[in-house]
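Hints are included, so try docking the two chains, each in its own frame, into the full complex.
For the protein sequence lines, the chains are W and L, in the order given.
With the working numbering applied, the first sequence has no gaps in its numbers, which climb one by one up to 1254 at the end.
With the working numbering applied, the second sequence has no gaps in its numbers, which climb one by one up to 779 at the end.
Think of the hints as simulated: they come from the structure by calculation, not from any bench.
Here the structure is a predicted model, which is why all the values come from computation and not from measurement.
There may be inaccurate statements among the hints.
[Said to hold, decoys possible] Computed cross-link-like contacts, DSBU-like style, restricted to lysine-lysine with a CA-CA straight-line distance of at most 30 Å: (1) L:K732 <-> W:K1182; (2) W:K1182 <-> L:K767; (3) W:K1177 <-> L:K742; (4) W:K1177 <-> L:K688; (5) L:K767 <-> L:K688; (6) W:K1208 <-> L:K767; (7) W:K1182 <-> L:K742; (8) L:K742 <-> L:K767.
These are the residues of each chain, in order.
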Amino acid sequence: GESVGLHLPTLSVQEGDNSIINCAYSNSASDYFIWYKQESGKGPQFIIDIRSNMDKRQGQRVTVLLNKTVKHLSLQIAATQPGDSAVYFCAETRSSGGSYIPTFGRGTSLIVHP
Amino acid sequence: DAGVIQSPRHEVTEMGQEVTLRCKPISGHNSLFWYRQTMMRGLELLIYFNNNVPIDDSGMPEDRFSAKMPNASFSTLKIQPSEPRDSAVYFCASSPMGRGGEKLFFGSGTQLSVL
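Only chain L is shown next, with the shape it has when bound in the complex (with noise of 0.2 Å):
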């Protein structure tokens, strides 16, 4: 297994645009995270989904953020509009444990600058 792909990768945006980041959670995994990583703040759970239903977006900062989950095997973040104190590293993770939680395996993230 490939693990847990995020794209892209790295993106440059400025205030005011819209910014899309990309999730595929392991094959057979029925939980998925999303988190923001940022030196302040360190790792920060944004959302959590269990069979592809949004359980906790408590701490969802804002209406500007939204996360769906289509189908097991893709997720959106959206940020609309983004802000400079948007920039950190997003994460995505998946797991294999019906209530979530547990051993969680995370993708490489995604680097937001919001210009």
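Looking at chain W on its own, in the form it has when it is part of the complex (with noise of 0.2 Å):
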């Protein structure tokens, strides 16, 4: 989940476990949703998207789930390996004045051990 304060919330795996990395989003008119991961020293990088009008999308490893009734957003990732360790964010995306502009999330880490 999202954390609140100075520590971000961490999930430790073992390699070729499956992750779950959870996310509360706050605007219920979002309508479009990122998932991102961000290795140390670097920027977040885009790992999968879903939109408003579907519950599930699946890429390579990784899915996302959308419960928009509670408005919780989930990354699964299988089979997780030592280059899964990285901090992910949830992005909502709300219009503003006809633009689209993310919200992250706090984040959560996760480490890989293998």
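Encoded structure:
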């Protein structure tokens, strides 16, 4: 889930396990959601996105689930690898004057143990 | 394409000095964002440009911060005068969508330390 305060929530898994990272978003009017991965010393990188008219979308080893009823998003990573260790952010997109602006959650740190 | 290019990679300055951060978006992208990242506040949107025009600057902390985009291939974020609380990683991101948002492509960031 998302954090308040100084420390990010952390998920520790063993290599080969499946990982589930959760995100609660705030704006019921948001209609587009993206998961980003941020490795140490780098900028966030796009992983997968989903629009509000869908409840599930699959990519390579990743699946995003959207529950609009409870404003909840999750990212599932199959067969987690050490290279998946990073901070993961969800972003919800809201409309502002005809433009769409993403707002990021606080992030979850994923640690994969070999 | 080289991706979004930010400079400098690291900046250390003293309180009161002017700081200028630079960004070159991906060619053809028409939306550009400046974000600030800290442990306390996460990723905060500072300002957003669409077709070189500032659309939303409500995230700019105060008058000490200003941003410009004189053309489609260059943007600057200036802090004058800088303060220790401005210390953070500043990211520039660009997007190919005219409406902004959608998928963002981030640069590697500028680590700013104000002493």
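The hints, checked one at a time:
Between K732 of chain L and K1182 of chain W the alpha-carbon distance is near 24 Å, which keeps this suggested pair within the 30 Å criterion. Using a Cα cut-off of 30 Å, the hinted pair K1182 of chain W and K767 of chain L holds, with the two alpha carbons roughly 17 Å apart. Distance check on the hinted pair: K1177 of chain W and K742 of chain L sit about 27 Å apart at the alpha-carbon level, within 30 Å; holds. Annotation: proposed proximity of K1177 of chain W to K688 of chain L holds, straight-line Cα distance about 22 Å (limit 30 Å).
Distance restraint check for K767 of chain L and K688 of chain L: the Cα-Cα separation of roughly 17 Å lies within the 30 Å cut-off, and the hinted pair is therefore satisfied. Only pairs whose Cα atoms come within 30 Å are accepted, and K1208 of chain W paired with K767 of chain L is accepted, the gap being roughly 20 Å. Straight-line distance between C-alpha atoms of K1182 of chain W and K742 of chain L comes to about 22 Å, which keeps the hinted pair within the 30 Å bound. Using a Cα cut-off of 30 Å, the hinted pair K742 of chain L and K767 of chain L holds, with the two alpha carbons roughly 25 Å apart.
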